[in-house]
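There are 2 protein chains.
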Amino acid sequence: MTVKALTFDTGGTILDWHRGIGGAFAAAGAARGLKADWAAVANEYRRRSLKGIVNAERPAYNFDDVHRAKLDEVIAEFGLDALTAADRDAIWRTWHALDAWPDFPAAAARLRKRYVVASFTLLTTSLVVDVSKRNGIDWDVIISCEMIGIYKTRPEAYRTAAKWLALEPADIMMVACHNFDLDAARACGYQTAFVRRPDEWGPGGPPDPNPNPACTVVVDGFAQLADKLLSDGGYSVQG
Amino acid sequence: MTVKALTFDTGGTILDWHRGIGGAFAAAGAARGLKADWAAVANEYRRRSLKGIVNAERPAYNFDDVHRAKLDEVIAEFGLDALTAADRDAIWRTWHALDAWPDFPAAAARLRKRYVVASFTLLTTSLVVDVSKRNGIDWDVIISCEMIGIYKTRPEAYRTAAKWLALEPADIMMVACHNFDLDAARACGYQTAFVRRPDEWGPGGPPDPNPNPACTVVVDGFAQLADKLLSDGGYSVQG
Chain L
1 MTVKALTFDT
11 GGTILDWHRG
21 IGGAFAAAGA
31 ARGLKADWAA
41 VANEYRRRSL
51 KGIVNAERPA
61 YNFDDVHRAK
71 LDEVIAEFGL
81 DALTAADRDA
91 IWRTWHALDA
101 WPDFPAAAAR
111 LRKRYVVASF
121 TLLTTSLVVD
131 VSKRNGIDWD
141 VIISCEMIGI
151 YKTRPEAYRT
161 AAKWLALEPA
171 DIMMVACHNF
181 DLDAARACGY
191 QTAFVRRPDE
201 WGPGGPPDPN
211 PNPACTVVVD
221 GFAQLADKLL
231 SDGGYSVQG
Chain D
1 MTVKALTFDT
11 GGTILDWHRG
21 IGGAFAAAGA
31 ARGLKADWAA
41 VANEYRRRSL
51 KGIVNAERPA
61 YNFDDVHRAK
71 LDEVIAEFGL
81 DALTAADRDA
91 IWRTWHALDA
101 WPDFPAAAAR
111 LRKRYVVASF
121 TLLTTSLVVD
131 VSKRNGIDWD
141 VIISCEMIGI
151 YKTRPEAYRT
161 AAKWLALEPA
171 DIMMVACHNF
181 DLDAARACGY
191 QTAFVRRPDE
201 WGPGGPPDPN
211 PNPACTVVVD
221 GFAQLADKLL
231 SDGGYSVQG
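Chains as they are written, first to last, in this note's numbering: chain L, 1 to 239; chain D, 1 to 239.
Derived from the structure by calculation, the hints contain no laboratory data. Accuracy of the hints is not assured; some may be wrong.
Which copy? The list can't say, so a pair holds if one copy fits it or any two copies do.
What the hints assert, rightly or not - Derived EDC-like pairs (lysine to aspartate or glutamate); straight-line CA-CA distance at most 16 Å: (1) K113 / D138; (2) K4 / D171; (3) K228 / D99; (4) K113 / D227; (5) K51 / D64; (6) K163 / D130; (7) K4 / D130.
Use the sequences and the hints to build the structure in full.
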């Protein structure tokens, strides 16, 4: 079988949320004379936000709403109550203005010449639109779990994405830097590509996970992914 | 208020379905020694297909399925039963390989520099992906009614598109060559742009409709739309 579409996890895999959100906290904190381990604050914020959306089924909220609610929780927990409503709004809006990892936009453009290149994400549709315009990323299609109403890692999310792409799951390769997303995609019949993102959680964050050996391919970055998937006339999977 | 996003009807407005589908019928018919008014066959096929999907609510089928089912109906009605299964498949697949009107791709690229440019369509997600790759069209986002589960012209379709774009309807301009779509969008608070497509139904088809004077703008083509919306720092609507 031959891979026809690549579905990219976007929040953790494409966007440098740690530096962006940590920086937004640090800037707001400095303006209010606050001191904190901003990298740790950002990571706790990310952990809680993920926990608030992964596996959701037809929630009344989307990931932007979760980001807003968890922000106040984390600010309270770290004793940062001096942050004003305007500060909080600025931190929250930073999610829509994150930088992508520098190796992604060019690799995506190369890959689009042979594959359907899709964002397949927990993030809101509008967040992906905003960061993609900012970073010069052109997708063939954005599939946000907001559209599906069922969030990764529930099987119905992966099955719906395949249906919308009009492809068998085996013709799709899920690309992510996390095993949990790739394992769930593989259980639905997707091929899987693990891309190492050792700095996802910053230098003080958890270590980069070891890729599950069941992955179809494991690469160190997006240029390597493109090299591998564009060699010898497209990527064919044995089996 | 200022328009921030443009949502383009795609099937009738961007794609030259009449020439593509009429040509596919003519080619298949010639191979089987059949004679017919292929332009009329294509138009009847389009009419029935639209009737089978507009206003659908959570159907078990999508527009590709409707195109497949209505194809057999139209073939029977016009006495073209000699068309084989392979002929029918070839005609059906032509929907995913249509040409865009030549003035669209360049105008879309210009408009993306200032606006979010979205396909907002009855067509399936994969159909838009396929024709966009073929015609060199890059969208910021594809919003297929297949994703929403509720089809234009039902208000919930327009409201959901606005929600996913994270915009008020008044910040969105629906672009189409049909009043029915624009009227429904306007009723939900969208701005509206009527683009004349006099050849949509071919020379023997129904005349190009007269734009509803309630439209925000009326233009003769996509280059004119881009000129108008990109002049004087973006399009601001009085009111």
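The hints, checked one at a time:
1. K113 / D138: both (12 Å within a copy, 12 Å between copies)
2. K4 / D171: within (5 Å within a copy, 36 Å between copies)
3. K228 / D99: neither (25 Å within a copy, 32 Å between copies)
4. K113 / D227: Cα proximity of K113 and D227: one copy only (13 Å, versus 30 Å across).
5. K51 / D64: within (13 Å within a copy, 37 Å between copies)
6. K163 / D130: between (25 Å within a copy, 14 Å between copies)
7. K4 / D130: Result: close only across copies, 12 Å inter versus 26 Å intra.
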